[in-house]
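Colleague: Each protein sequence line maps, in turn, to chains A and Z.
Just so you know, we're using my numbering here: the first sequence kicks off at 1 and counts up by one.
Just so you know, we're using my numbering here: the second sequence kicks off at 1 and counts up by one.
It should be emphasised that the hints constitute simulated quantities derived from the structure, not laboratory data.
Backbone N, C-alpha and C fix where the C-beta goes; we use that ideal spot for every residue, glycine too.
Do not rely on the hints blindly, as some may be mistaken.
As the list claims (entries may be wrong) - Distance condition first, Cα-Cα at most 30 Å in a straight line; then the derived DSSO-like pairs of lysine-lysine:
1. Lys166/A <-> Lys86/Z
2. Lys166/A <-> Lys125/Z
3. Lys86/Z <-> Lys125/Z
4. Lys86/Z <-> Lys28/Z
5. Lys304/Z <-> Lys28/Z
What the hints assert, rightly or not - Here's a subset of chain Z near chain A, in silico, CB distances under 10 Å, partners left out:
6. Arg55
7. Ile103
8. Ala107
9. Val112
10. Met163
11. Ala167
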Amino acid sequence: MTAFAPIRTAIRSPRGGVSAAVLVLVVACALFAPLVAPYAYDIQNLPGANTEPGAAHWMGTDEFGRDLMSRIIFGARTSLSVAVTAISISVAAGLTLGAMAGYFGGWFDRAVTAVVDLTWSFPEILIALILIAIIGPGLESTMVAISIAYLAQFTRLTRAQIMALKNETYVEATTNLGAGHFHIIFRHLLPNALTPVIVAGMLATGDAIILEATLGFFGLGAQPPTPSWGAMMSSGTAQIFIAPWIIIFPGLAIAITVISINLFGDALIEALDIRNRLRSV
Amino acid sequence: MALLSVQGISVSIGALNPLEGITFDIDKGEILGLVGESGSGKSLTAMCVMGLLPRIGGSITKGSIVFDGRDLIGLPEIELRRLRGKRIALISQNPMTSLDPIIRIGAQIDQVSNLHLGLSAEAAKARSLELIAQLRIPEPAAIHRAYPHQLSGGMKQRIVIAMALAADPDLIVADEPTTALDVTIQAQIIQIMVELVRDRGLALMLITHDMGVVAQACDRVVVLYAGRVAEMNGIGEIFAEPKHPYTRELIRCIPRFGQAPGSLKGIPGTVPSIVDYPDGCRFNPRCSNAQALCRDQAPALEPKSSGLAACHFSEV
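The shape of chain Z in the complex, shown without the other chains:
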C-alpha cells in the first residue's frame, strides 16, 4: 500500500477553485516529482498534504488524503501537529529566511529531535552533529555553534534539510528547495538530499519547475497544469514518450548543450488565470493540435500505454 495516497482532491479558497481532482500516490522509499509552471498548484498541493490549508483560508472540498492508512482530511489540528515534522516534514521554498536569526544553528536542529523524539539535550546535539556531517558541511561543531547569518545560502539550505531529517520522518515534502540557490549549488544539494533520502528509505515529494532536477532525482513524475494533473508516469517513460502535449512542450523547453543560439523557445501563451480557466481541456488555448472536443470537454485522467494522462488525443 502506498505511504501517501492523494485521491481526487479539489480545493477552494473563497470563490476560487485552484485545484481540481489532484490524484497521485507515493510509495515508501520513492521519490516523486511534482512539476508545473508557477500557478499550477504545486505548492498548494504540498499545503494540502501538510494540512496547512486552513492557514490561508482554503479548504478541501472533495477527495481524500490517506497517509499510512489514516485519512488526514478532517483530522484535528492537534493531531496534524503531531504528524508534522515527526512523520511528514516540509522543506520550504526559501532557505535564506527559514532559520530564526537569533538562535544558534545547532539549537534549531536540536529542538526538532528534542520535540519529536524526546531526546535529551546531549543526545539531540550528537544527532544534529551527525546530521550536519552527513550533509557534508565541514566542521560540524563550529556550524552547530554558528548563527544563521554566518552561513551561506547553500549551507542554510542544508541545515533546513537537516532539520527536516532530524525527527526521522517517513515522508519529506520539499517545495522548490533549491530555487533560491545558484545552479552549481542546486545540483549538489539535490544530490545530497536524494542520497540521504535513499539511504534511509524515505519517501520524498519533490516540487520543482525544473525538468533537469526531475531527471536527476525522481522515480516518477506528476505534471500539473492549471490546477489539474496533466500526466503521471515513470521518469524514463515521461522523457521517452510524453503522453500529454504540455509535458512534451515542457521537455522541449529544457536547454541542451550545443543548441543553436535563439532556438530555445518557451511554450506560447501563458498559464490561464485562476479566475478565468478555459472550458474543456485547460491547455487547449496553447495546444498546437487542439480540436473542438478539447474546447468542450475536459479530458479525464486515464491510463495510457504507460502511466496516466489527461488528453483526448494522446495515443492509447
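This is chain A alone, in the form it adopts within the complex:
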C-alpha cells in the first residue's frame, strides 16, 4: 500500500469524487484568485452599491459597490489559508505532545492530560474568543487561536494511539535490538498512529473554516479590506432586507466548502477503514 492509495480509493467513490472536484475548484480559485476574479476585491464603487446579481456582477455587489464574486474568490484565500495553517500547526503540536505524553507517561502525561481535559471541556469558539481577547484580533491571531482550540483533540487522539501501540510486540522487539526512544517514536509509533490523526485533521479543517468565519463575523478575524467570508456575512446582516445576496453567497461558499471537506473526509475514512479506531478514542 502506498501513501496515496487510500486517497485514490476515496476519489473513486461517488461522494469522494464529487467532493474532491469541488475542493480542487475552491483551492484553484484561492490560488489563482487574481486571474479568476473578474474585479479587484477592494475597489469601491458607491453608485453601484447593492446591485442585484446580473450579467456584470454575477453575484451582485455589496454595500460599497464591490463585486461580491471577486470578494468571495479572494475570501477563499483567507478562509483556506487560515484553516489549513491553523490545523497543520495543531496537528503537528498535537502529535508531538500526544506522542511524548503517551510514550513517556509519568508527570508529563498527567500535566498534558490535565490541560487537554481542561480545554476539551470548553467549546472551541470560547477558547478561540478568550485567546483572541488576549492576543488581539487579526489574521495571525486567528490562526493561533484556532490551532490552540483544536490542539486538545489531536493530542488526545495521538496519545491514545501511542499508548495502544507502545505495547505492541514489534515495539518491544525493536527495543530488544537496542533502539532508542527517538527511533521508536519516530520510526515505529508515529507512522502507525498517523492515519486516524490525518483524517481527524481533515475533518477539523472543515470545522476550522466555520470557526474562522465565526470569528470573522464578530470582526475578530482578518481586518478590512481583506475579504473574509465571515466578515462579509457580518456586513451583509445590515443589508439583509435590501440586498440579501450579500449574506447568501458567502454563506453558500462556506457551506459548500465545509460539506465537501466533510464528505471527502468520510470517503477517506471508508477508504482507510479506520472508523473503529477513530470511534474508540
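Assemble chain Z onto chain A, guided by the hints.
Modeller: Coordinates of chain Z only, in the frame set by chain A:
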C-alpha cells in the same frame, strides 16, 4: 572464561520472588537450552540477561550477571541499550507481531545494522539480502521489498532471526522462538538457526519447553522448576541419566513413535503458584519419592557424578 555467567540471581517483582538463585553460564560458541514448564521463570531469566526487568517493575535482589567481563547489574540504561542488539540480541516469543506492519521487511533488517554497525544504506541492504539468503528464503530481493503481512509465519520468524543476527552479536537469547509455528516449520527453523549460530561461533541461549527441540539443538541444558534451577548438565548426560526427578519426568513425557495409545502421561499435579510455593524442595508435592527432608529443607544445587542437580536423594 564464560561469555555469560549468571551467578545466583534472585528476582523480586513487588512482593513476589519469581526467581531464586538462578545459576548458569554460557561459553562462546555454545548452545545452552533453558527448559521448564510455563511459569518456571524461563522468560524472566531472559529478561534479566537483557536488562529488561525494570520495564515490568522487577529488580534483581541478589547475584551477578557477568557478560564478557562486565557486570550487567547496575549498568545504566544507556549502556544496556548499547549492548542490546549489538552484543546480545533477543528473539522474542511471537514472530507474527514482532515486525512493524507498515515498514518494509528490508528496511527493518537494515536499520539494525545501520544502528549498530553504522553501515551506509547500500551496505546495510547488501548485508540484509545476504542474511535473508542465508536463512534460505527464496528471492531475497522480493522479500526485502515486501511488507510483513505478505509473509507466512515461518518466514517472519526467519526475518526476526535475521534481525537478531544483523549486528553480529556475541550472544543470542531466543525465547521460545518457534512456539507460534507448526511442528514441521519448527524443526526447520531451529535447524537453520543452529547452523547459522554454529557457523559464526555465536553463543545461543535457547529457551523452550520442548525437550525435542533441546535434544536437536543444545550442547548443555539448564532445567528450571518454579523459579529455581533443578538440574544442569550436558545434553548426552541429561537424557542418559537425569539426576533430578523433575528432569526424569520431563523426559518421560516426550511422546515416542510406536507408543501404545493412552500411555503418554503428564507429570501429576501442577506447577505451584508463585504466591504459594511449598516449603523445602519445590517439587516435593509432585515427586514420587519425596521424604520428610524434602518437605523441610530446600536442596542446594550440588555437583553430582556429572553436572549439577538440586535434589537430596539423587545418586551422587
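Colleague: Now, for every hint given, state plainly whether the structure supports it.
Modeller: A quick look at each hint next to the structure:
With a C-alpha separation of about 22 Å, the suggested pair Lys166/A and Lys86/Z falls inside the 30 Å cut-off, and the hint holds. Between Lys166/A and Lys125/Z the alpha-carbon distance is near 27 Å, which keeps this suggested pair within the 30 Å criterion. Taken as a hint, the Lys86/Z and Lys125/Z pair is honoured in the structure, with Cα atoms around 17 Å apart against an allowance of 30 Å. Proximity of Lys86/Z to Lys28/Z is assessed by CA-CA distance (about 16 Å); at most 30 Å being required, the pair is judged to hold.
Pair hint Lys304/Z plus Lys28/Z holds up; C-alpha atoms about 24 Å apart against a cutoff of 30 Å. This hint holds: Arg55/Z has a C-beta 8 Å from the nearest C-beta of chain A, less than the 10 Å allowed. This hint holds: Ile103/Z has a C-beta 7 Å from the nearest C-beta of chain A, less than the 10 Å allowed. About 9 Å separates the beta-carbon of Ala107/Z from the nearest beta-carbon of chain A, less than 10 Å, and the hint is met.
Satisfaction of the interface hint for Val112/Z is found here, the shortest Cβ-Cβ separation to chain A being roughly 5 Å, below the 10 Å cut-off. Because the smallest distance between the Cβ of Met163/Z and any Cβ of chain A comes to about 6 Å, under 10 Å, the interface hint for this residue holds. Satisfaction of the interface hint for Ala167/Z is found here, the shortest Cβ-Cβ separation to chain A being roughly 7 Å, below the 10 Å cut-off.
Comparing the model with each numbered hint stated earlier shows that all of them hold.
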